Amino acid sequence: MSRSIYDSRQRWAYIFIMIAVLIVIATVVFSNSLSKKLATEERIKAEVWAEAMNILTAPDTLNNLDDEILLSYEALEKKHKETESTLMNLILKIINSNTSIPTILCDENDSVSSYKNIDIPEKDADTFLKKFKTKNPPIVIKIDEKESQYLYYDDSVFLKRLLMFPYIQLSVVFAFIMLSFFALISVKKAEQNKVWVGLSKETAHQLGTPISSLIAWVEYLKIKDVDGIYLKEMEKDVKRLETIADRFSKIGSNPDLLPLNINDLIKSSYEYMSTRVSSKVKIDIEPSDEPALVLINESLFSWVTENLTKNAVDAMEGQGKITYHVENNTKKVYIDVSDTGKGIPKSRFKTIFIPGYTTKARGWGLGLSLVKRIIESYPGGKIYVKNSETGKGSTFRIELRKHHG
Numbered sequence: 001m002s003r004s005i006y007d008s009r010q011r012w013a014y015i016f017i018m019i020a021v022l023i024v025i026a027t028v029v030f031s032n033s034l035s036k037k038l039a040t041e042e043r044i045k046a047e048v049w050a051e052a053m054n055i056l057t058a059p060d061t062l063n064n065l066d067d068e069i070l071l072s073y074e075a076l077e078k079k080h081k082e083t084e085s086t087l088m089n090l091i092l093k094i095i096n097s098n099t100s101i102p103t104i105l106c107d108e109n110d111s112v113s114s115y116k117n118i119d120i121p122e123k124d125a126d127t128f129l130k131k132f133k134t135k136n137p138p139i140v141i142k143i144d145e146k147e148s149q150y151l152y153y154d155d156s157v158f159l160k161r162l163l164m165f166p167y168i169q170l171s172v173v174f175a176f177i178m179l180s181f182f183a184l185i186s187v188k189k190a191e192q193n194k195v196w197v198g199l200s201k202e203t204a205h206q207l208g209t210p211i212s213s214l215i216a217w218v219e220y221l222k223i224k225d226v227d228g229i230y231l232k233e234m235e236k237d238v239k240r241l242e243t244i245a246d247r248f249s250k251i252g253s254n255p256d257l258l259p260l261n262i263n264d265l266i267k268s269s270y271e272y273m274s275t276r277v278s279s280k281v282k283i284d285i286e287p288s289d290e291p292a293l294v295l296i297n298e299s300l301f302s303w304v305t306e307n308l309t310k311n312a313v314d315a316m317e318g319q320g321k322i323t324y325h326v327e328n329n330t331k332k333v334y335i336d337v338s339d340t341g342k343g344i345p346k347s348r349f350k351t352i353f354i355p356g357y358t359t360k361a362r363g364w365g366l367g368l369s370l371v372k373r374i375i376e377s378y379p380g381g382k383i384y385v386k387n388s389e390t391g392k393g394s395t396f397r398i399e400l401r402k403h404h405g
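Okay, so the sequence shown: first residue is 1 according to the numbering used here, each after it adds one.
It should be emphasised that the hints constitute simulated quantities derived from the structure, not laboratory data. All of these numbers come straight from a predicted model, not from anything done at the bench. Don't take every hint at face value.
Dumping the calculated DSS-like pairs for lysine-lysine here, alpha-carbon to alpha-carbon at most 27 Å [said to hold, decoys possible]:
id: 1; residue 1: Lys392; residue 2: Lys280
id: 2; residue 1: Lys331; residue 2: Lys267
id: 3; residue 1: Lys36; residue 2: Lys116
Distance windows between CB atoms, simulated [unchecked claim]:
id: 4; residue 1: Gly198; residue 2: Phe16; range: 24 to 32 Å
id: 5; residue 1: Thr209; residue 2: Val24; range: 55 to 63 Å
id: 6; residue 1: Gly391; residue 2: Lys350; range: 16 to 24 Å
Just so you know, even glycine gets a beta-carbon here, dropped at the ideal spot from N, CA and C.
Input sequences plus hints: build the corresponding full structure.
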C-alpha cells in the first residue's frame, strides 16, 4: 500500500481548512463593512440631533423666520404661531428620537451640560467624557460667534452587538466544528478498534488449525526416528507460529499486564532478533543501572521491539547500528530506539504512525501503527519520534509509567 491514500486524505483536509478560512474572512469583512455603514449613519443622526439642539437653544431662531414675510399683522401673527408650533414639534421629535446613541454635551471647558442614553455618576463625569473623546470625533454646535458646545457620542448598543456578532458566530461555528471533529475522530477510532479486533481474532483463529496440525506432525516424526536437528528447528518454527497466534489473540482483547523488567525483555528480544537480521547490522543494548519495572505484557512488548528493529533495518537498508537505551527515573521509564538510517522528515513525525502509511513499494503500513496501539494500551504508554536527521538516523522514544510494586 502506498502513501498516496494518506496524501489524498491530507490534501482534502487542507482544502477544507482553506474553505473554512475563506468563509471566516468573508464573514468578518461583510460584518465590518456593515458596521462601518451603520457607524456613518449614527454620526449623521448625531449631527442632526446636534443641529436640533442648536436651533432649540438659539434665542432668535423662530423670530428671524418673519423678516421677509409681507403679510398683515394678523396674518403675520397667525403664521408666526403656526410656524413656531410646527418647527418646535419637529425639533422636539428629532431630539426625542435619539433613544440608542449615548451622547454627552459639554462646553469649551469640558464642563458637562447634559447627557442622554447613559447613566453617569457625578463623580465619574470626567472619566466618561475622556472615554467618549476616544470613540468618535466631536460634533461642534455653534451657539454664536464666541461660544460653542461640543457633542461627544459613543456607538449604540445595537452597533456594539453587531460588531461582536461575527466573533460570537465564529466562536459557535468553531465550537461546533471542533465537537464534530472530535466526534468523528471518536467514531473513526471505534471503527479502527473493531477492525483491529476482528482482524486479530480471525487471524488467530485461522492460524490455530494449521498450528495444531503441525504440532501433531512433529510428534509423529519423532516416532519415525527423524534427525533431531531437523525436529528441533521445526519445533522452533511451530513455537514461533504459536507466539504469533497468541499475539493476535491478545490484540483483540485486554491482555494481562504483569510487572516486568524492561531491561530483561529487551535482552530477550535481542537474542531472538540478532540471529534473524543481517550480519552487517549491529544491535547494542544500553540497560538502565537499576531494574526498570513496568506493567506490561511480555508477548506484545516483544512484538513492539521486533517491529521497531525491522523498521530500523529497513531504514538502514540492511547495514548500520541499532541502539536500545533504557533510562529509569522516579515516575517513568524511557526506551530510546536509535538507528543510523536515512532519517524521517519532520513533517512525517506523526503521520508514520497512521495505518496505511508506508514509504516502501511493498508493505501494508501497519507495523508502526501496531506498535503505537500496543504501547498506548499500557499505563502511561506513549511513543513518538524523539529526533531525526536526514541521512544520519532517527530515534523513537517509548514512555511507560514506572511500577513501584
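How the hints compare with the structure:
Under the criterion of a C-alpha separation no larger than 27 Å, the hint pairing Lys392 with Lys280 is consistent with the structure, at around 17 Å. Between the alpha carbons of Lys331 and Lys267 the distance comes to roughly 23 Å, so the proposed pair stays at or under 27 Å and holds. Straight-line distance between C-alpha atoms of Lys36 and Lys116 comes to about 23 Å, which keeps the hinted pair within the 27 Å bound. Here the CB-CB span from Gly198 to Phe16 is close to 30 Å, well matched to the stated 24 to 32 Å.
Between Thr209 and Val24 the Cβ separation comes to about 58 Å, which falls inside the hinted range of 55 to 63 Å. Distance hint for Gly391 and Lys350: a CB-CB separation of about 21 Å, consistent with the stated range 16 to 24 Å.
Violated hints: none; the structure is consistent with every hint.
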